[in-house]
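Undergrad: Fit chain B to the known structure of chain A by using the hints.
These protein sequence lines are chains A and B, in that order.
Taking our numbering as reference, the numbering of the first sequence is continuous, increasing by one, and the terminal residue is 112.
Taking our numbering as reference, the numbering of the second sequence is continuous, increasing by one, and the terminal residue is 224.
Any given hint could turn out to be false.
[Said to hold, decoys possible] Part of the chain B face toward chain A, derived, beta carbon under 10 Å:
id, residue
1, G140
2, R180
3, P195
[Said to hold, decoys possible] Simulated restraints on C-beta separations:
id, chain 1, residue 1, chain 2, residue 2, range
4, B, A114, A, F49, 17 to 25 Å
5, A, N7, B, D171, 19 to 27 Å
6, A, M109, B, K169, 35 to 43 Å
7, A, Y39, B, G126, 48 to 56 Å
8, A, P81, B, T167, 37 to 45 Å
No lab work stands behind these hints, which were simulated from the structure alone.
We treat Cβ as the ideally placed atom computed from N, Cα and C, and that holds for glycine.
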Amino acid sequence: QKEVEQNSGPLSVPEGAIASLNCTYSDRGSQSFFWYRQYSGKSPELIMFIYSNGDKEDGRFTAQLNKASQYVSLLIRDSQPSDSATYLCAVTRNNAGNMLTFGGGTRLMVKP
Amino acid sequence: EADIYQTPRYLVIGTGKKITLECSQTMGHDKMYWYQQDPGMELHLIHYSYGVNSTEKGDLSSESTVSRIRTEHFPLTLESARPSHTSQYLCASSELWGLRQFFGPGTRLTVL
Numbered sequence: 001q002k003e004v005e006q007n008s009g010p011l012s013v014p015e016g017a018i019a020s021l022n023c024t025y026s027d028r029g030s031q032s033f034f035w036y037r038q039y040s041g042k043s044p045e046l047i048m049f050i051y052s053n054g055d056k057e058d059g060r061f062t063a064q065l066n067k068a069s070q071y072v073s074l075l076i077r078d079s080q081p082s083d084s085a086t087y088l089c090a091v092t093r094n095n096a097g098n099m100l101t102f103g104g105g106t107r108l109m110v111k112p
Numbered sequence: 113e114a115d116i117y118q119t120p121r122y123l124v125i126g127t128g129k130k131i132t133l134e135c136s137q138t139m140g141h142d143k144m145y146w147y148q149q150d151p152g153m154e155l156h157l158i159h160y161s162y163g164v165n166s167t168e169k170g171d172l173s174s175e176s177t178v179s180r181i182r183t184e185h186f187p188l189t190l191e192s193a194r195p196s197h198t199s200q201y202l203c204a205s206s207e208l209w210g211l212r213q214f215f216g217p218g219t220r221l222t223v224l
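Just chain A, same shape as in the assembly (with noise of 0.2 Å):
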């Protein structure tokens, strides 16, 4: 079992849907949580991080966070054809400070 699981997609949703990207991990030490953008050829991005139970929101984006059942997602609403990419997932890990470990990405396409 990987340590940080995203289904690697793709994701497909219409241009103005809510797209729901999911994420699972196995440390249950892990305390806090990221999201990373990353178009194709280019480098990770932090849109969004979290670090307690619930929902954190930033403009359209929302990251959920259920540390009971080790589950954190993301949330885009009103998507557009540029958040087309692939979203990482990443968890830091218990008893080794500020590394992350990171999941394999879910590749979204917004169609227009």
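TA: Just chain B now, kept in the frame of chain A:
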């Protein structure tokens, strides 16, 4: 403007050559990282550093070496490049106990 830089952006080189990938940051961060990422695959940590004169190996065994003589500079060296080293190399930085990592643009290395 605070940023993180990598050079070269693209490198095509023959087997057996020695190469150095450069990474510099003006963000004032103590911690720096090198990741390796094959197309469509997850990021693998290969080296990291807590500060000057600190270097540690990451999760993925790598034949590369790193040095940290200056806070802002974290070069990666391959003494003898091989086709198996063909990949994208991403440099990142963070505050010493900060959780957010910021990535450079990456170096795409091809070894023929």
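Undergrad: Now tell me, hint by hint, if it's right for this structure.
TA: Here's how the hints hold up against the structure:
Contact between G140 of chain B and chain A, as hinted, is not supported at the beta carbon level, the nearest pair being about 16 Å apart and thus beyond 10 Å. Taken as an interface hint, R180 of chain B does not check out: its beta carbon lies about 17 Å from the nearest beta carbon of chain A, beyond 10 Å. Below 10 Å, beta-carbon pairs count as interface contacts, and P195 of chain B has none with chain A, the closest being about 20 Å; its hint is therefore violated. Remark: the range hint 17 to 25 Å for A114 of chain B to F49 of chain A is upheld by a beta-carbon distance near 19 Å.
In this structure the supplied range 19 to 27 Å holds for N7 of chain A paired with D171 of chain B, their Cβ-Cβ distance being about 22 Å. Evaluation of the 35 to 43 Å hint for M109 of chain A and K169 of chain B yields a pass: the beta carbon distance comes to about 37 Å. Judged by the Cβ atoms, the range 48 to 56 Å given for Y39 of chain A and G126 of chain B is violated: they are separated by roughly 30 Å. For the hinted restraint 37 to 45 Å between P81 of chain A and T167 of chain B, the CB-CB distance of approximately 42 Å keeps it satisfied.
Of the numbered hints given earlier, the model fails hints 1, 2, 3 and 7; all others are met.
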